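A.B. asks: If you're matching them up, the sequences are chains A and B in order. Heads up: the first sequence runs through residues 1 to 311, numbered per our numbering. Heads up: the second sequence runs through residues 1001 to 1222, numbered per our numbering.
Warning: the hint list may mix true and false statements.
[What the hints assert, rightly or not] Pair by pair, the computed Cβ-Cβ distance ranges are: (1) B:ASP1219 x A:LYS205: 28 to 34 Å; (2) A:ASP150 x B:ASP1219: 37 to 43 Å; (3) A:GLU33 x B:ALA1134: 47 to 53 Å; (4) B:PRO1109 x A:SER115: 52 to 58 Å; (5) A:GLY97 x B:CYS1138: 31 to 37 Å; (6) A:PHE101 x B:ASP1018: 56 to 62 Å; (7) B:CYS1132 x A:ASP198: 37 to 43 Å; (8) B:CYS1117 x A:ASP265: 28 to 34 Å; (9) B:GLU1130 x A:SER120: 17 to 23 Å.
[What the hints assert, rightly or not] Counterexamples of contact, computed for chain B against chain A with all Cβ distances above 12 Å: (10) MET1001; (11) PRO1008; (12) GLU1011; (13) THR1021; (14) ALA1046; (15) ASP1072; (16) TYR1075; (17) GLU1104; (18) THR1116; (19) GLY1145; (20) ARG1155; (21) LYS1168; (22) GLU1170; (23) LEU1186; (24) GLY1190; (25) TYR1195.
FYI, nobody ran anything at the bench for these hints, they're computed from the structure. Small disclaimer: the values here were computed from a predicted structure and weren't measured. Built from N, CA and C at the ideal position, the CB exists for glycine as well.
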Amino acid sequence: MNVKTPSRLEKVLAAGLLAVTSECGPPRGSDPEVIIKKADLIKDYVDAVNITDNQTSVTRLCSLAACIRLKLMGLDPVLQMVTRDRNRIALQSDILGAASFDINNILCLSGDHQSFGDCSNGQNVHDIDSMQLVQTVRHMRDQGKFLGGDDIERPPKMFVGAAANPFADPFEIRVPRLAKKIAAGTEFIQTQCIYNLDKFEEWMKRVRERGLHEKVYILAGMTPMKSAGMARYMKNRVPGMDVPDELIKRLAGVPKEKQAEEGIDICVESIERLKEVEGVRGFHIMAIEWEEKVPEIVKRTGLFPRPEIAD
Amino acid sequence: MIVADKKPIEEIIEEIKDYTTILILGCNECVTVCEAGGKKEVGILASALRMYFLNQGKDVTIDERTLERQCDHEYLEEIRDVADQYDAIVSLACGVGVQFTAEEYHTVPVIPGVNTCFLGATEARGLWTERCQACGECILARTGGICPVSRCAKRILNGPCGGSSNGKCEINKELDCAWQLIIDRLDALGKLDDYETISPIKDWSTDRAGGPRKVVREDVQL
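Bound-form chain A, shown alone:
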């Protein structure tokens, strides 16, 4: 695959190296130090850092501003953008805003429903959906045009990603859905958190059967569990999450003060296993409010140091 953008993440992937990305959730306030501290913790251990966009529909400092912070610190941010809160004018406008700071990665999402968040009485927009957002960014980048047809002066140069949830239903269309996202122009995929490794490997097998692993870079989503309680919460309360009972049992089987350590062990073991899966091109480590653990996970899985990539 040729490199089409200045994205560091794209260069690592195109070089055939296992990529590592992580993510930071912006604060519920305007203190930039929160983002800067989180970024400092992980910056030497990852190739790129996602900034979430009002995740779980809880209002936070905006993804774009936090991405600019990271960019100014010399990191390669991945701008997460949901279609829930912006119409096509605002989406294109924010893409240009990001491009003006040379933010070179975007992850196109629909976003959790607003009923989960702090503004459950609000409207949602969904003028376009996540797949159409992928098309929009590719159109802006490759054609150098707005959706309305006018030329863009200095088009965005963004490496375009999308999410995939191998565990959502109906399972039989999860691979066709990936094919559809690729057809829309998706260049990299970050998956939902993987706990059911067997099911993920089955999904990857079907991905390979259609040759899709050669058309898109797939980064496996990993979130270490802090406790058995967190695992139960993820299983029962988080939409589209597949947490096997054995995993909960394993965490619950160790004393409470050791569960976090066990969670990291499970995450490390999972990465080691998934490294061997053909078509897995890297890992997206989402250590939710636990960024300080990213270096340990990256080191223990032999993914450190990260490659030097010339800008």
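Add chain B to chain A, keeping to what the hints say.
C.D. replies: Chain B only, in chain A's frame:
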């Protein structure tokens, strides 16, 4: 049909408490079928209001009337000679009927007695569910006859999102995932391959986004 639901009586009382002659005006169409604003509900509301004012020691006249339709000038004319005898009209029609009545009787306050909810169908006695958002550009031919605009909580045209679980929507375990229904129906029609056709960005100018809409049919105009 247009599905409506009764407003809490306290809300209606708050709006009409200072009036002494009130007409409760029902509609014989959609709101009768969904049991929110037909002749029966007019009678029930009128009785409840009479009881309320009696308890308050207030002498208030409450009359009942149900028209064939409130969204039609012809039927609204039937109350022409009595409308201005009332301090207020409580319309149990949908929002269309309330407004048409208000336009027809410009100097009489018209108060809504129902909340207009959606375009839907009767699934079972006492259960109505949404089927259409009147977006003005029907895509049902492409989605297995199931509408993602009205039935997907994110109106996703290329679904399902990652929140679809056991055929249900992420926002409510009782709610069917529209995209699960679409996929099941495409499968039943032997058209599952159609799933991979990307639905293009929708033109919402025919929707609410384009401003108040009108349909003009010169061929049927008088």
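A.B. asks: Between the beta carbons of A:GLU33 and B:ALA1134, is the distance compatible with 47 to 53 Å?
C.D. replies: holds (49 Å)
A.B. asks: Between A:ASP150 and B:ASP1219, does the C-beta distance stay in 37 to 43 Å?
C.D. replies: holds (38 Å)
A.B. asks: Beyond 12 Å on every Cβ pair: is that true for B:ARG1155 relative to chain A?
C.D. replies: violated (5 Å)
A.B. asks: Just checking, B:GLU1011 versus chain A, shortest CB gap more than 12 Å?
C.D. replies: Fine: 18 Å to the nearest Cβ keeps B:GLU1011 off the interface.
A.B. asks: Mind verifying the non-interface call on B:LEU1186? Its CB should be farther than 12 Å from each CB in chain A.
C.D. replies: The assertion about B:LEU1186 is violated, with a minimum of 10 Å to chain A.
A.B. asks: For the pair A:GLY97 and B:CYS1138, does the Cβ-Cβ distance stay inside 31 to 37 Å?
C.D. replies: With Cβ atoms ~36 Å apart, the hint holds.
A.B. asks: Taking 12 Å as the cut and beta carbons as the points, is B:GLU1170 off the interface with chain A?
C.D. replies: B:GLU1170 not clear of chain A: closest Cβ-Cβ about 4 Å, inside 12 Å.
A.B. asks: For B:ASP1219 and A:LYS205, compare the CB-CB distance with the range 28 to 34 Å and indicate the outcome.
C.D. replies: violated (58 Å)
A.B. asks: Is the nearest Cβ of chain A still more than 12 Å from the Cβ of B:THR1021?
C.D. replies: holds (37 Å)
A.B. asks: Honestly, do B:CYS1117 and A:ASP265 meet the 28 to 34 Å range at C-beta?
C.D. replies: About 52 Å separates the Cβ atoms of B:CYS1117 and A:ASP265, which means 28 to 34 Å is violated.
A.B. asks: Do the Cβ positions of A:PHE101 and B:ASP1018 conform to the proposed distance bound of 56 to 62 Å?
C.D. replies: Distance hint for A:PHE101, B:ASP1018 holds at roughly 60 Å.
A.B. asks: Checking a non-interface call: every C-beta of chain A should be farther than 12 Å from the C-beta of B:TYR1195. Is that right?
C.D. replies: Contrary to the label, B:TYR1195 does not stay out of reach of chain A, its closest Cβ about 6 Å off (not over 12 Å).
Hint compliance for this structure: hints 1, 4, 8, 20, 21, 22, 23 and 25 are not met, and every other hint is.
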